[in-house]
Amino acid sequence: MGWVLEMLILGIETSCDETSAALVADGKTVLSSTVAAQLDLLRKYGGVVPEIAARRHTELIGYVIKEALDSAVKTLEDVEAVAVTARQGLIGCLLVGVAAAKSISYARHVPLVGVHHIEGHIFANILSHPEIPLPHVCLTVSGGHTMLLYVREGCRYQLLGTTLDDAAGEAFDKIAKFLGLDFPGGPVIDRLAKQGDREAYHFPRPMIKSRAPDFSFSGLKTSVINAFKERVARGEALPLADIAASFQEAVVEVLVAKTMRAAEAKGVNAVSVTGGVSANSRLREAFREAALRQGVDVYFPNLSLCTDNAAMIAAAGYARMMLGEVSDLRLNVVPTAPLEV
Amino acid sequence: MLVLGIDTSGYANAVGVTDGEKVLADLTFPAKTDSLEQIVANIDDALKCAGLTLEDIGGIGVGLGPGSWTGIRVGVTVGKVLAFSTGKPLAGIPTLEVLAYQAIVEASLVCAVIPTGAGDAVYAACYQLQAGVVGRVGDYFIGSVKDLTGMIKEPVVLAGDTGASYMQTLRDGIIKAGIAVTNITAVPGGAAVARLASERLERGERADVLGLEPLYLKESTARAFVNRYAAKTKGWGGS
Numbered sequence: 048m049g050w051v052l053e054m055l056i057l058g059i060e061t062s063c064d065e066t067s068a069a070l071v072a073d074g075k076t077v078l079s080s081t082v083a084a085q086l087d088l089l090r091k092y093g094g095v096v097p098e099i100a101a102r103r104h105t106e107l108i109g110y111v112i113k114e115a116l117d118s119a120v121k122t123l124e125d126v127e128a129v130a131v132t133a134r135q136g137l138i139g140c141l142l143v144g145v146a147a148a149k150s151i152s153y154a155r156h157v158p159l160v161g162v163h164h165i166e167g168h169i170f171a172n173i174l175s176h177p178e179i180p181l182p183h184v185c186l187t188v189s190g191g192h193t194m195l196l197y198v199r200e201g202c203r204y205q206l207l208g209t210t211l212d213d214a215a216g217e218a219f220d221k222i223a224k225f226l227g228l229d230f231p232g233g234p235v236i237d238r239l240a241k242q243g244d245r246e247a248y249h250f251p252r253p254m255i256k257s258r259a260p261d262f263s264f265s266g267l268k269t270s271v272i273n274a275f276k277e278r279v280a281r282g283e284a285l286p287l288a289d290i291a292a293s294f295q296e297a298v299v300e301v302l303v304a305k306t307m308r309a310a311e312a313k314g315v316n317a318v319s320v321t322g323g324v325s326a327n328s329r330l331r332e333a334f335r336e337a338a339l340r341q342g343v344d345v346y347f348p349n350l351s352l353c354t355d356n357a358a359m360i361a362a363a364g365y366a367r368m369m370l371g372e373v374s375d376l377r378l379n380v381v382p383t384a385p386l387e388v
Numbered sequence: 074m075l076v077l078g079i080d081t082s083g084y085a086n087a088v089g090v091t092d093g094e095k096v097l098a099d100l101t102f103p104a105k106t107d108s109l110e111q112i113v114a115n116i117d118d119a120l121k122c123a124g125l126t127l128e129d130i131g132g133i134g135v136g137l138g139p140g141s142w143t144g145i146r147v148g149v150t151v152g153k154v155l156a157f158s159t160g161k162p163l164a165g166i167p168t169l170e171v172l173a174y175q176a177i178v179e180a181s182l183v184c185a186v187i188p189t190g191a192g193d194a195v196y197a198a199c200y201q202l203q204a205g206v207v208g209r210v211g212d213y214f215i216g217s218v219k220d221l222t223g224m225i226k227e228p229v230v231l232a233g234d235t236g237a238s239y240m241q242t243l244r245d246g247i248i249k250a251g252i253a254v255t256n257i258t259a260v261p262g263g264a265a266v267a268r269l270a271s272e273r274l275e276r277g278e279r280a281d282v283l284g285l286e287p288l289y290l291k292e293s294t295a296r297a298f299v300n301r302y303a304a305k306t307k308g309w310g311g312s
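If you read the sequences in order, they're chains A and B.
If you're matching positions, the first sequence starts at 48 in the working numbering and goes up one per residue.
If you're matching positions, the second sequence starts at 74 in the working numbering and goes up one per residue.
There's no promise every hint is true.
Below 27 Å or equal to it, Euclidean Cα-Cα: the simulated DSSO-like pairs (lysine-lysine) are [claimed, not checked]:
#1 K276/A - K224/A
#2 K249/B - K226/B
#3 K226/B - K291/B
#4 K91/A - K291/B
#5 K161/B - K121/A
#6 K161/B - K113/A
#7 K276/A - K241/A
#8 K256/A - K221/A
#9 K121/A - K91/A
If you want the footprint, here are the derived chain A segments under chain B, 3+ residues with CB under 8 Å [what the hints assert, rightly or not]:
#10 95-105
#11 133-146
#12 153-161
#13 333-345
These aren't lab readings, by the way, just hints derived from the structure by calculation.
In this text, all values refer to a predicted model and were calculated from it rather than measured experimentally.
Every residue gets a Cβ at the ideal spot worked out from N, C-alpha and C, and that includes glycine.
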């Protein structure tokens, strides 16, 4: 981009279980990013219960917006546009964010732009590393998604592959639950795995040889559970660190192999890995090693931008507005939406 | 004071604008899950109908439910964020009270009823004019139509979707007990919300803008209520 449109954007994100608002200047400077995670509810219910998540969003949305403004030392008078996640997510949850965003847009007479949640994740990395070249291949991997995309100039995306069953992050959650560990499973498995032997058990690497860039993790999950369920039922103590390390290695190997293969097939020099699972330390290490071997650059978002947040939504919204795309008060919420190609 | 009132708890998005006692706009817009978020556009339409802008408005009222919780959350969010964005005062109004207000006649006891959507369980509450103001008599009720029938001990006006089968069952049950019933069909109206909000704001009662939440009535409330009244010989309107 040769020129910059100065614009302060308020981003709002309520697509799943985190209520978030952020202020981003000129599509690149994060002045504030407030995220209220519903961790206590997730732990209580062992996952996202849509009705409860939606209640929590309604409870928190006003406070989160105010906090984002206060910590950026700005007021609503300074906000020049509002970007909100309107596509991809839980419908009752998305509705709260869009309701709030429309209200601000209407009351303050500022433009509104609806954003696709996955595009937000793509921008989490661009926000962290403005120098990421285009085109590049982006792996978005989280509790809800595992998608391989070819990212081109002008917000154009080609879906290369996706998961046929569980998302990678979901597999982490389910294995953690099976092993009696905390929720969400990713961070605790990442920590435990550091003390474990990643070759202690050889779990299957689903679809690793397949030419199709799609993923599958439910077979891996079943394999881990089957290997230990009798011991769990007997109340035996398990070698948790070794299981965690070996399971994690299987997921990592598949994600890295398929992404690097896609990068080669597309002839790109850059790979972007984003979404909650991109915070995983072993995934980052393995990608760096593979990228070095293949002679490409690999990028990960700043840790605070890996999981769902509104700063990435504001950044994506800015890019869309630069393309002349603006929504109006009739903006619709779409819970399952393909990312425009 | 010019007041904007909205309610998104039912099958329609209701928007109204009042100026003191005068109704300047009272509109309903069809709304299902895929058009709940149109409420802000609906507000703009209603204000334009009344020849007003949001800047002209002196206060905002929002229906708190019960009803469709997905819809109510959208309305409550819009109400509080509009209030936050404009600095205008906010009032939250229970939707049962909105229904009762639309059906109230001088000395009558009004029982407003909203279906829970689960079997024949309903939300209900009784209201009466007390010194010119609509006031709730007794606690909120959640339970079966049969239990509700047992609570009514004096002539009553039923307000709600009177054509629905649960309302007819309720009506028949009350008549069978020898008590007079009048049906008044009512759906939550925006102007009614605005009038009720207007009264509260004029009294200096304001909602906490950031903290406003839907009126989630819990099952436990119903049980306590039934237990409390089981020991009494009189039902509502007499104690």
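Verification of the hints:
Our distance criterion of 27 Å between C-alpha atoms is met by K276/A and K224/A, whose separation comes to about 12 Å. Using a Cα cut-off of 27 Å, the hinted pair K249/B and K226/B holds, with the two alpha carbons roughly 12 Å apart. For the hint linking K226/B to K291/B, the alpha-carbon distance of about 24 Å falls within 27 Å, and the restraint holds. For the hint linking K91/A to K291/B, the alpha-carbon distance of about 19 Å falls within 27 Å, and the restraint holds.
Taken as a hint, the K161/B and K121/A pair is honoured in the structure, with Cα atoms around 19 Å apart against an allowance of 27 Å. Between the alpha carbons of K161/B and K113/A the distance comes to roughly 16 Å, so the proposed pair stays at or under 27 Å and holds. In summary, the hint linking K276/A to K241/A is supported, as the alpha carbons are separated by about 23 Å, within the 27 Å threshold. Pair hint K256/A plus K221/A holds up; C-alpha atoms about 24 Å apart against a cutoff of 27 Å.
As the CA atoms of K121/A and K91/A are separated by approximately 36 Å, the hinted pair breaks the 27 Å bound. Counting residues of the segment 95-105 of chain A whose C-beta lies closer than 8 Å to any C-beta of chain B gives 5; at least three are required, and the coverage claim holds. By the rule of at least three residues with a Cβ nearer than 8 Å to a Cβ of chain B, the coverage given for the segment 133-146 of chain A holds, with 6 such residues. Given as covered by chain B, the segment 153-161 of chain A passes the check, having 3 residues with a CB less than 8 Å from a CB of that chain where 3 are the minimum.
Under the rule that three or more residues need a Cβ within less than 8 Å of chain B, the assignment of the segment 333-345 of chain A is violated, with 0 such residues.
Checked against the numbered hints above, the structure violates hints 9, 13; every other hint is satisfied.
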